[in-house]
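Listed in order, the protein sequences are those of chains A and B. Going by our numbering, the first sequence opens with residue 42, and the numbers climb by one from there. Going by our numbering, the second sequence opens with residue 272, and the numbers climb by one from there.
These are calculated hints, taken from the structure and not from any lab test. Please read all numbers here as calculations on a predicted model, not as lab measurements. Yeah, the Cβ is synthetic: ideal placement off N, Cα and C, and Gly gets one too.
Computed cross-link-like contacts, PhoX-like style, restricted to lysine-lysine with a CA-CA straight-line distance of at most 20 Å:
#, chain 1, residue 1, chain 2, residue 2
1, B, K500, A, K150
2, B, K500, A, K112
3, A, K244, A, K66
In silico contact screen, one side only, chain B against chain A (beta carbon under 8 Å); selected entries:
#, residue
4, R479
5, A480
6, D487
Away from chain A, derived, C-beta distances all over 10 Å, residues of chain B:
#, residue
7, W376
8, P601
9, L625
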Amino acid sequence: MALLETRNLSKSFGGLQAINNVSLKVEPNTVHGLIGPNGSGKSTFFNLLTGVYQPDAGSYIEFDNINVTGKPAHYIAEHGLSRTFQLLRLYGELSVLDNVLVGYHPHTKYSPFAPFFNGAEVRRQDKIVKDEMFELLEFIGLAEHAEIPAAELSGGQRRLLALGRAIAMRPKMLLLDEPGAGLSPVNVDNLMATIMTLKERYKLTIVVVEHILKVVMSTCDTISVLDHGQKISEGTPEFVKNDPAVIEAYLGREMADEDIRAAMDA
Amino acid sequence: MGILSFMADFIDSLAKRHRLLPWLLAYALLLPLPFVLTILFNEYLIDLANRICLFILLAVGLNIVKGFCGQVTVGHIGLYAIGAVTSAVLSLEPGGFGGALGFGWPIWAAIPTAVLVTAFAGLIIGLPSVRLEGAYLALATLGLGESVRIFIAVTPALGSSTGLMMIPAPRIGSFVFDSFTSYYYLVMTAAITGIYFSFSILRSATGRAFQAIREDTIAASVNGINVVKYKLLAFVLSAIYAGLAGALFAHMPPGYLHHNNFTVIEMVTLLLMVVLGGIGNVWGGVIGAIVVAIAYDQTKDLVFYFMDRPIVFQPLVFGLSMVLLVLFMPRGIGGWIEDFQRNRRFVRRSEERLSGTARNP
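Only chain A is shown next, with the shape it has when bound in the complex (with noise of 0.2 Å):
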């Protein structure tokens, strides 16, 4: 049973038809890579499972069983669907710990009035959390930069952040958009392996959006190929990797085949 799927998903911006009926099925606990060039629709995918962007008429979007389909951004994330953005937008003014602990917010307890009528119940329940959010902190290595504003971190420790605030929800399924964008080889390779050992650890299934495809085909278990808003290719990272018409999106019809294999493993 797929965790998460699609149907005839759409979604036009006036005349440009960034999605055009693309139907996906994710299975549970698989690494599901999304790839495709520039402008492909990758981004507005995420953002319309997300609920940020709504689809269009006659789109169906299914998680864990339930219609999430035009849902908004919060009921999508409480039921345990969480993302990273590309460009992170992390609370840049919140402390590294204060990051993490509004990711963990759809599992509050107490009631937003709560600090007026039961300022006990509060401080002992966000006692709790947060001591659970600092051992996430511990695991991801910001610990000890929990306090300082998440806008004084470095680049690298912004996307590890990125990653803890989406997995402090304790979500069933982790979108990654571009986890790798801006890092070099060597931290984008640690910041794949941290990734899969929260998959691991947390039980995730995870959507990984990435242009570093040397990333993709070592991580993934299966790849779908998005162009122009459309599906043209799914399957494991050996048969995507060999369908031409992926080659075609890639690199044009024009390419000779060596050159092709020397992008793909570069």
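For this one, chain A is given, so just place chain B on it according to the hints.
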């Protein structure tokens, strides 16, 4: 810095014994203020202190919606007006002076009702925030806030141009809060309690949700925060503060209410307090309220004569200082407070790391 660090250390050590100790100490220190003011200056200053307490309530409330949640509202003074007029009208005797409405409710029923009515009005003033942002939201809330004042100004039942008079003073048993000094204890208690609860909100999941919305609305919604609900909640909470301040203002001696207390100029003064204090910083807002209220009071009679015509230049000075503040001190007094606190934390953590006793915060 030496004295400040010493004070901060002292407050920390008190807080370690019991969370409420620093608050009780502050309360105890503020108790003799009316007598000090009477001996050193004059009794009028107690009235100023009372109004400062109300301004603190207003500024702390405004800070919730503007500072924590990042929603620009200029309608706060309208909520203050609603709280004041509601409580006044509910508690006035029927058939009052000049056709004013009166329901003759007991004051301790009128004030909570006024707070609830204001909270509801806050919900309505907050509705534009669902669709609007920044300057557009400011315009919408300005319109709503100012229309409240105009409505009061043209409605005889609510006082219109003469204002509401003989608004009764609160009483407990046979003790009546009808002097500046006795009323001081009422508003000072309200102000301290208001500041305390504002921190409780800030340090709970509710406060974190507000700040997440301020920092990045899209990220907040993806983190499972119902953005519409929390924006409206921020408006409602700030309206509760404004409603309480308004109700306490209505019953303050001499028990007189006029719509001139709710003009846009008052709103600008209030904004000045929050901006001077540093947007989002509670203590900054409190200090801002004290400084601006005193400056406002001491400069309001200043005039200079241009070709024998008197010119009141206070509004000019206040407008100009607002511009200068935003240009040269955008983080306000709160910015200094935050820098100071962060330095202290940094020093403390470095010491802990050196001595190998680093701990979970």
